[in-house]
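Trainee: The lines below spell out each chain.
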Amino acid sequence: MDYKAAFALGIPIAVGLAGLGSAIGLGIAVGAALDGIARQPEALGKIRQNMFLGAALIEAITFIVMGFVFIILQRV
Amino acid sequence: MNLESPNIVSLLAKQFSGTPLEHFLHFWENVIFSLITMGIVGIFVYLASRKINLIPGRLQNSVELLVEGMNHLFGEILGAHGKKFIPLAGTLFIYILFMNLLGLIPLLKSPTASLATTSALAVCAFGCFLYTAIKEEGLMGFLYHMAGKPKDALLMIIFMWVFIFPVEFLTVFIRPITLSLRLRGNISSEDSILSLLTHFGFGGALVMPFMTLLALLAAVIQAFVFSFLTTIYLATIFNEEE
Numbered sequence: 092m093d094y095k096a097a098f099a100l101g102i103p104i105a106v107g108l109a110g111l112g113s114a115i116g117l118g119i120a121v122g123a124a125l126d127g128i129a130r131q132p133e134a135l136g137k138i139r140q141n142m143f144l145g146a147a148l149i150e151a152i153t154f155i156v157m158g159f160v161f162i163i164l165q166r167v
Numbered sequence: 013m014n015l016e017s018p019n020i021v022s023l024l025a026k027q028f029s030g031t032p033l034e035h036f037l038h039f040w041e042n043v044i045f046s047l048i049t050m051g052i053v054g055i056f057v058y059l060a061s062r063k064i065n066l067i068p069g070r071l072q073n074s075v076e077l078l079v080e081g082m083n084h085l086f087g088e089i090l091g092a093h094g095k096k097f098i099p100l101a102g103t104l105f106i107y108i109l110f111m112n113l114l115g116l117i118p119l120l121k122s123p124t125a126s127l128a129t130t131s132a133l134a135v136c137a138f139g140c141f142l143y144t145a146i147k148e149e150g151l152m153g154f155l156y157h158m159a160g161k162p163k164d165a166l167l168m169i170i171f172m173w174v175f176i177f178p179v180e181f182l183t184v185f186i187r188p189i190t191l192s193l194r195l196r197g198n199i200s201s202e203d204s205i206l207s208l209l210t211h212f213g214f215g216g217a218l219v220m221p222f223m224t225l226l227a228l229l230a231a232v233i234q235a236f237v238f239s240f241l242t243t244i245y246l247a248t249i250f251n252e253e254e
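Chains as they are written, first to last, in our numbering: chain B, 92 to 167; chain W, 13 to 254.
Just to be clear, a hint being listed does not mean it is correct.
What the hints assert, rightly or not - Quick list of in silico lysine-lysine cross-link-like pairs, DSSO-like style, CA-CA up to 27 Å:
1) Lys137/B with Lys95/W
2) Lys96/W with Lys147/W
3) Lys26/W with Lys95/W
4) Lys147/W with Lys163/W
5) Lys96/W with Lys137/B
6) Lys147/W with Lys161/W
Stated by the list, open to error - Simulated restraints on C-beta separations:
7) Arg139/B with Glu76/W: 46 to 54 Å
8) Ala99/B with Val57/W: 46 to 54 Å
9) His35/W with Ala114/B: 41 to 49 Å
Quick caveat, the hints were computed from the structure, so don't treat them as lab data. Each residue gets a CB set at the ideal place from its N, CA and C atoms; glycine is no exception.
With the rest of the complex left out, here is chain W (with noise of 0.2 Å):
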């Protein structure tokens, strides 16, 4: 869609072009980027640990730091309660994170930079906040929540169903396109910026430096709004003000 670098990819299917080849790696190159970013991870916390020792070496160490961290935070803001979803955040943080970080590399590219990872993803977590709330309360339960819980009074309940249900419900709603859209156009923006400044010669060279800096800075910052807006929508389920 936007002007993009090469990768390995799609200069092996230029190689091939012509044949089926072709069809499939340009259909599939996605996921193959996923798979490669996949292997990375797994790769990074196997070495780190095969050994594990009480008093921790570097590696393990960076990778504790990782886990502890990401306890601490979403552990924070989910309570007792929802201690089980700590994975699924800090999964999703791990996983976006590398993926963004693999379109600065020079001949590979971001899988988040395409709308379908990013769908993919966002469905991932909005699937599981629908799966959970309507495990928990039920699914009149859920909607009664959506609707401010409306008590006594003949008149608040039709108030509240007529005015406060429409505008919950698309707030809830909208929250995977928000989420999804939202990853794609930062990540994709920056690698398109990046490979817009190969066309402008010496000058572009001068700029990459500090539009790496702010592609680097986008890339974290955006892996984190994606955990953290997961975890926030799976801690409104539990937390009930009594």
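Just chain B, with the same shape it has in the complex (with noise of 0.2 Å):
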């Protein structure tokens, strides 16, 4: 198989794995976090703070291998 074609066939399934792991892992936090509100009205403000903040480091490794990805194209 040309190497050309291996990268061909392996770069979309990383962006899709980079994809689904995403939006996996914020499911699960943004739900954790309903939960709570939903448990505790009057810590909204906080909680959506947290919130935020884990989206944003979940959502780093995301970019992370996006960053990659782009790396890799440059060279093929």
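Can you join these two chains into the complex? Each is in its own frame, and there are hints to help.
Mentor: Here it is in structure tokens:
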């Protein structure tokens, strides 16, 4: 198999997996935040702030993966 | 590295292509844009603080809002002992926010979209953390802190040094890497998508407002996350459980 064919098969899978992992992680985090808000509505401000912080940390992995994908694409 | 739209410095470099000025401009591109943001922030704050009234006007009010908000947010985490680090966190927040937003203006580029600027910022923040930790507890105290403070029994001491210390060491020393990569990946992805949309013709022009809103959100959130994480890392030095 040509090496370009191998990259053409592999890179979209990498991008898809990054998106999948990020979506599942964010779903769990936001779900837990909503649980907390439902349990105690007066903690809305603090929970919302921590939810955004956690979401940014989870998104970081996706963007690191995308950075690597772009580097590989330059070389192919 | 990724696709990028042309900016002032790259256009200028293309005018003078072939001369040493082009290499100079290409090399110092990020620094030139960092200096531009420093100029903008400096002029903004200077104009706001020129004549301080007791009842503030609009410009002074906005700057006061920013400073008060950051004081409240970072001061709460750092506690009384770490109050002297609030300026560091606030400066990082404002500086990174303006650098991220610079890329959304048509002929300018965010310096944080390249790994050079973000790793410099991460090294600054992590260097401050290391210096404070070693000054506060000493070198051996810092290592003890990372090993979870083993106490009396010999078995506990061996257990903690063998199992807990490597994980904690890795966690602490991977922080600058993740800080820089997170910021760089976010901002450069947003800018790349925006410049990619320009190749799509009319459909791209329709999508671009939404993408710009997303880029604004990402810029503010990433600036906040960087400074907030720095304060949390600094706060772990001071807050000991008794």
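Trainee: Each hint: holds or not?
Mentor: Structure-based check of all given hints:
At most 27 Å may separate the alpha-carbon atoms for a hinted pair to count; Lys137/B and Lys95/W meet this at roughly 21 Å. Between Lys96/W and Lys147/W the CA atoms are separated by roughly 15 Å; this keeps the pair inside 27 Å, and the hint holds. With a C-alpha separation of about 48 Å, the suggested pair Lys26/W and Lys95/W falls outside the 27 Å cut-off, and the hint is violated. Distance restraint check for Lys147/W and Lys163/W: the Cα-Cα separation of roughly 22 Å lies within the 27 Å cut-off, and the hinted pair is therefore satisfied.
Of the supplied pair hints, the one linking Lys96/W and Lys137/B holds, its CA atoms being roughly 24 Å apart against a limit of 27 Å. Between Lys147/W and Lys161/W the CA atoms are separated by roughly 18 Å; this keeps the pair inside 27 Å, and the hint holds. Range check, Arg139/B to Glu76/W: Cβ separation about 24 Å, and the 46 to 54 Å hint is violated. Distance hint check: the CB atoms of Ala99/B and Val57/W are about 51 Å apart, consistent with the given range 46 to 54 Å.
Between His35/W and Ala114/B the CB atoms are about 44 Å apart, so this pair conforms to the stated range of 41 to 49 Å.
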